[in-house]
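Asker: Given these sequences and hints, build the entire structure.
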Amino acid sequence: MCLAVPGRVLGVEDRDGTRMASVDFGGVVKEVCLEYLPDLKVGEYTIVHVGFALQRLDEESARRTLELFENLGMLQEEFGDPWEQAEQAARAGQSGPADGEGLAEEVRR
Amino acid sequence: MKYIDEFQDPELAARLLDDIRATVTRPWALMEVCGGQTHTIIRHGIDQLLPDEIELIHGPGCPVCVTPLEVIDKALEIASRPGVIFCSFGDMLRVPGTGRDLFQVRSAGGDVRVVYSPLDALRIAEENPDREVVFFGIGFETTAPPNAMTVHQARRRGIRNFSLLVSHVRVPPAIEAVMRSPDCRVQGFLAAGHVCSVMGTEEYPALAERFKVPIVVTGFEPLDILEGVRRTVRQLERGEHTVENAYPRAVRPEGNPAALAMLDDVFEVTDRAWRGIGTIPDSGWRLSARYRDHDAEHRFQVGDIATREPAECRSGEVLQGLIKPHECEVFGTTCTPRTPLGATMVSSEGACAAYYLYRRLELPARPAATSLEDSAVV
Ligand code: SF4
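Those sequence lines, one after another, are chains B and D.
In terms of my numbering, the first sequence has 42 at position 42, counting the first letter as 1, and numbering is strictly consecutive.
In terms of my numbering, the second sequence has 213 at position 213, counting the first letter as 1, and numbering is strictly consecutive.
Each hint should be verified, as a subset may be incorrect.
Each pair of labels, with its calculated beta carbon distance range [claimed, not checked]:
#1 D:9 to B:27: 22 to 28 angstroms
#2 D:53 to B:31: 45 to 51 angstroms
#3 B:17 to D:48: 50 to 56 angstroms
#4 D:182 to B:67: 25 to 31 angstroms
#5 B:42 to D:311: 51 to 57 angstroms
#6 B:60 to D:334: 17 to 23 angstroms
#7 B:13 to D:23: 47 to 53 angstroms
#8 D:77 to B:16: 29 to 35 angstroms
#9 B:41 to D:311: 36 to 42 angstroms
#10 B:41 to D:157: 23 to 29 angstroms
#11 B:60 to D:323: 36 to 42 angstroms
Residues from chain D that keep clear of chain B, each with C-beta distances beyond 10 angstroms, as calculated [what the hints assert, rightly or not]:
#12 24
#13 117
#14 184
#15 185
#16 289
These are calculated hints, taken from the structure and not from any lab test.
Using N, Cα and C, we set each Cβ at its ideal position, and we do this for glycine too.
Answerer: Structure follows, in structure tokens:
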């Protein structure tokens, strides 16, 4: 949750008096509020936290960070389905004490 | 050199490590404040790559971990009420309250929804005018401005059935509490980069001066951490204690002025209890009086809820850097990410969870440990 993910602005619009953008996070596109970075433009990169753009970022560092997050599975953690993740954890919990395979699986996830 | 190949730029990592090795002449203890940084450090074995003189102590910077049990219990109580839609970030689902968690409230029929952004919760409120929609507002200075904006929007657009259960915390008072602890061993801080991208760096010089401690604003990628360590150690070896920004690509000294103005409007500073640590003066935010009708605690009258922490959990000591997770007697036995006793185990950013996932060899010996360590570092 505390992770802030870099993304690229695809489009900007005004919705109900609020400045919003669609932002591309390495393939996942989300709606993002631009009220804290109102002059952000299409094509620019920004750090986004819980749906809000917080700071500008240069393209090079944005790309590197995104690539790293993807390799580490952190994008899945941030944008994946949390119910499914919690359910998996709960199911695993019922299967008894930590055994080797279950843990390796958890680690891979 | 173990693990170094998986660094994004192994050559640069090796250079930074060489520089650190050449600089260090005696033992130093540094605290990384942010849970995201703890995660990076353990995942990449950075603490093992560093020279033995440098010890990294894990700080209290995991919002999920430090949210007090009373607040979790208040959330569970509100989420169980009929007519309520309770919205939260996904990481809070499995955080144990007294006897249950949000996941179980939902299984028992509570309408608990996971949102990606607080604005999603506001939209749910707009679409369900006959229901009460409550958003669980936890987190540090990075998460507080989005939540503040959402309450502001609710007010502006006249959405009355939306309220916030607030438990926001602030980093600088936590640093101060760590330094004031009589058992404190911390000699330098890697400050949390994303917190500073909102708040800027202006709160830190006074702290660095008062406690004669270097504070280096640090990102959370492996190379960022090495650079933060390098700069902190260089200051320590020279006897300096200033604030340095090692994360300039995301942090400007003034932070984000629009976000700061909104924080100032919607919240006011208050004392906050930190789970496992206790109350730290001025260490949090609550809704200011003007926004009281959007305060869930007020709206649902959940003032006096009794709580009970599991006696064997030592997460308070873990959060203050007094013990390492595996020094807890029940680490990896009674307490695992699947059966967490404390929030530092349930949160993916928690120090106990990070140790459990990436440091199998330090668990009480089990036959599978060796092979697991290999698979843990992918
Ligand atoms: S291992 Fe579990 S019980 Fe021990 S301190 Fe960590 S969370 Fe608490």
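Asker: Each hint should be assessed against the structure and marked as holding or not.
Answerer: Evaluated hints:
no.: 1; hint: D:9 to B:27: 22 to 28 angstroms; in the structure: 23 angstroms, holds
no.: 2; hint: D:53 to B:31: 45 to 51 angstroms; in the structure: 48 angstroms, holds
no.: 3; hint: B:17 to D:48: 50 to 56 angstroms; in the structure: 52 angstroms, holds
no.: 4; hint: D:182 to B:67: 25 to 31 angstroms; in the structure: 44 angstroms, violated
no.: 5; hint: B:42 to D:311: 51 to 57 angstroms; in the structure: 56 angstroms, holds
no.: 6; hint: B:60 to D:334: 17 to 23 angstroms; in the structure: 47 angstroms, violated
no.: 7; hint: B:13 to D:23: 47 to 53 angstroms; in the structure: 51 angstroms, holds
no.: 8; hint: D:77 to B:16: 29 to 35 angstroms; in the structure: 32 angstroms, holds
no.: 9; hint: B:41 to D:311: 36 to 42 angstroms; in the structure: 55 angstroms, violated
no.: 10; hint: B:41 to D:157: 23 to 29 angstroms; in the structure: 26 angstroms, holds
no.: 11; hint: B:60 to D:323: 36 to 42 angstroms; in the structure: 40 angstroms, holds
no.: 12; hint: 24; in the structure: 27 angstroms, holds
no.: 13; hint: 117; in the structure: 3 angstroms, violated
no.: 14; hint: 184; in the structure: 24 angstroms, holds
no.: 15; hint: 185; in the structure: 25 angstroms, holds
no.: 16; hint: 289; in the structure: 23 angstroms, holds
Comparing the model with each earlier hint shows violations of hints 4, 6, 9 and 13; every other hint is respected.
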